[in-house]
Amino acid sequence: LAKTTQPISMDSYEGQEVNITCSHNNIATNDYITWYQQFPSQGPRFIIQGYKTKVTNEVASLFIPADRKSSTLSLPRVSLSDTAVYYCLVGDKRNTDKLIFGTGTRLQVFP
Amino acid sequence: GAVVSQHPSWVICKSGTSVKIECRSLDFQATTMFWYRQFPKQSLMLMATSNEGSKATYEQGVEKDKFLINHASLTLSTLTVTSAHPEDSSFYICSARDRDRGAAYNEQFFGPGTRLTVL
Numbered sequence: 001l002a003k004t005t006q007p008i009s010m011d012s013y014e015g016q017e018v019n020i021t022c023s024h025n026n027i028a029t030n031d032y033i034t035w036y037q038q039f040p041s042q043g044p045r046f047i048i049q050g051y052k053t054k055v056t057n058e059v060a061s062l063f064i065p066a067d068r069k070s071s072t073l074s075l076p077r078v079s080l081s082d083t084a085v086y087y088c089l090v091g092d093k094r095n096t097d098k099l100i101f102g103t104g105t106r107l108q109v110f111p
Numbered sequence: 001g002a003v004v005s006q007h008p009s010w011v012i013c014k015s016g017t018s019v020k021i022e023c024r025s026l027d028f029q030a031t032t033m034f035w036y037r038q039f040p041k042q043s044l045m046l047m048a049t050s051n052e053g054s055k056a057t058y059e060q061g062v063e064k065d066k067f068l069i070n071h072a073s074l075t076l077s078t079l080t081v082t083s084a085h086p087e088d089s090s091f092y093i094c095s096a097r098d099r100d101r102g103a104a105y106n107e108q109f110f111g112p113g114t115r116l117t118v119l
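Those sequence lines, one after another, are chains A and B. Throughout the first sequence, residue numbering follows the working numbering, covering 1 to 111 in sequence. Throughout the second sequence, residue numbering follows the working numbering, covering 1 to 119 in sequence.
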């Protein structure tokens, strides 16, 4: 499983766009990139997943450059309720179902 | 998405006692469930993989005799913390994968967690 590196924390204000970058230099050909969100005292929740280029859903966008050695989770117009920890995970669907969480990025949104 | 519940949501016990935590998949069957532990301000640490009808697979460094896992049905896995001590106080979270649902190849659905406090 490829190791991921994210900023420990980020601050933002309501209404701003937040971009959280994750480095995964050792990503393998069959690896997918997945992001989870965790609110305090709750279990994580799936946000988005991608393999290459750009993926967008109702919650976020995920940008993946051609070399796939990094990825950026983009949250448009954040609100106070987006305050949470965001985890970037990289894994190969051919292998186990196990998810290995890294340190995550603690996002604090201020009014 | 699929729903996973945990019971209890919190528990306080005395040192030396055993505590059982239940994890249920409410609207799907899960042949595999996962148990995590999370200390304050830290990330989730995978403890074990719970397999229905067979023994659990524990991660390195996790004592299988202390953290007993039973996955007796397709919708229920239990984690029993035996002879709990204050250092076992943590947030325990389970997850499961619904192979028929999920937006991604490996999307897992997490329970709300159980906060264990050992006095």
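Don't read these hints as lab results, they were simulated from the structure. Possibly wrong hints are sitting among the right ones.
[Stated by the list, open to error] Listed below are the simulated DSS-like cross-link pairs for lysine-lysine, each with C-alpha atoms no more than 27 Å apart in a straight line:
1. B:Lys66 / A:Lys54
2. B:Lys41 / A:Lys3
3. A:Lys98 / B:Lys41
4. A:Lys98 / B:Lys55
5. B:Lys14 / A:Lys98
[Claimed, not checked] So, partial list: chain A residues that the calculated Cβ filter (under 7 Å) puts toward chain B:
6. Phe39
7. Pro40
8. Gln42
9. Gly43
10. Ala60
11. Asp97
12. Phe101
13. Thr103
[Unchecked claim] Taking CB as the label site, the calculated pair distances span:
14. B:Lys64 / A:Ser74: 17 to 23 Å
15. A:Lys54 / B:Thr117: 41 to 47 Å
16. A:Ser9 / B:Pro112: 36 to 42 Å
17. A:Arg45 / B:Thr117: 23 to 29 Å
18. A:Asn30 / B:Ala72: 42 to 48 Å
19. A:Asn19 / B:Glu52: 21 to 27 Å
20. A:Asn19 / B:Glu59: 20 to 26 Å
21. A:Lys54 / B:Thr31: 31 to 37 Å
22. B:Gln42 / A:Ser23: 38 to 44 Å
23. A:Asn57 / B:Asp100: 18 to 24 Å
24. A:Pro111 / B:Asp65: 48 to 54 Å
25. A:Asp92 / B:Gln42: 37 to 43 Å
26. A:Phe39 / B:Lys20: 43 to 49 Å
27. B:Ala72 / A:Gln108: 29 to 35 Å
Where is the CB? At the ideal position from N, CA and C, for every residue including glycine.
To see whether the hints hold, each was checked on the structure:
1. B:Lys66 / A:Lys54: Outside the cut-off at roughly 44 Å; violated.
2. B:Lys41 / A:Lys3: holds, 20 Å
3. A:Lys98 / B:Lys41: Between Lys98 of chain A and Lys41 of chain B the Cα gap is close to 22 Å, so the pair holds against 27 Å.
4. A:Lys98 / B:Lys55: holds, 16 Å
5. B:Lys14 / A:Lys98: Not OK: Lys14 of chain B and Lys98 of chain A at ~32 Å, beyond 27 Å, violated.
6. Phe39: violated, 10 Å
7. Pro40: Given a least distance of 10 Å, the restraint on Pro40 of chain A is violated.
8. Gln42: holds, 6 Å
9. Gly43: holds, 3 Å
10. Ala60: violated, 12 Å
11. Asp97: With Cβ-Cβ at 5 Å, under 7 Å, it holds.
12. Phe101: holds, 4 Å
13. Thr103: holds, 5 Å
14. B:Lys64 / A:Ser74: 17 to 23 Å: violated, 42 Å
15. A:Lys54 / B:Thr117: 41 to 47 Å: Check passed, 44 Å falls within 41 to 47 Å.
16. A:Ser9 / B:Pro112: 36 to 42 Å: At roughly 24 Å between Cβ atoms, Pro112 of chain B and Ser9 of chain A fall outside 36 to 42 Å, so the hint is violated.
17. A:Arg45 / B:Thr117: 23 to 29 Å: Holds - the Cβ-Cβ distance for Arg45 of chain A and Thr117 of chain B, about 25 Å, lies within 23 to 29 Å.
18. A:Asn30 / B:Ala72: 42 to 48 Å: About 34 Å separates the Cβ atoms of Asn30 of chain A and Ala72 of chain B, which means 42 to 48 Å is violated.
19. A:Asn19 / B:Glu52: 21 to 27 Å: violated, 41 Å
20. A:Asn19 / B:Glu59: 20 to 26 Å: Violated - the Cβ-Cβ distance for Asn19 of chain A and Glu59 of chain B, about 32 Å, lies outside 20 to 26 Å.
21. A:Lys54 / B:Thr31: 31 to 37 Å: Once the Cβ atoms are compared, 34 Å apart, the range 31 to 37 Å for Thr31 of chain B and Lys54 of chain A holds.
22. B:Gln42 / A:Ser23: 38 to 44 Å: Check failed, 20 Å falls outside 38 to 44 Å.
23. A:Asn57 / B:Asp100: 18 to 24 Å: Holds: the Cβ-Cβ distance is about 20 Å, inside 18 to 24 Å.
24. A:Pro111 / B:Asp65: 48 to 54 Å: This hint holds: roughly 49 Å between Cβ atoms.
25. A:Asp92 / B:Gln42: 37 to 43 Å: Cβ of Asp92 of chain A to Cβ of Gln42 of chain B: about 25 Å, so the range 37 to 43 Å is violated.
26. A:Phe39 / B:Lys20: 43 to 49 Å: violated, 26 Å
27. B:Ala72 / A:Gln108: 29 to 35 Å: violated, 42 Å
When the structure is compared with the earlier hints, violations turn up for hints 1, 5, 6, 7, 10, 14, 16, 18, 19, 20, 22, 25, 26, 27 and for no others.
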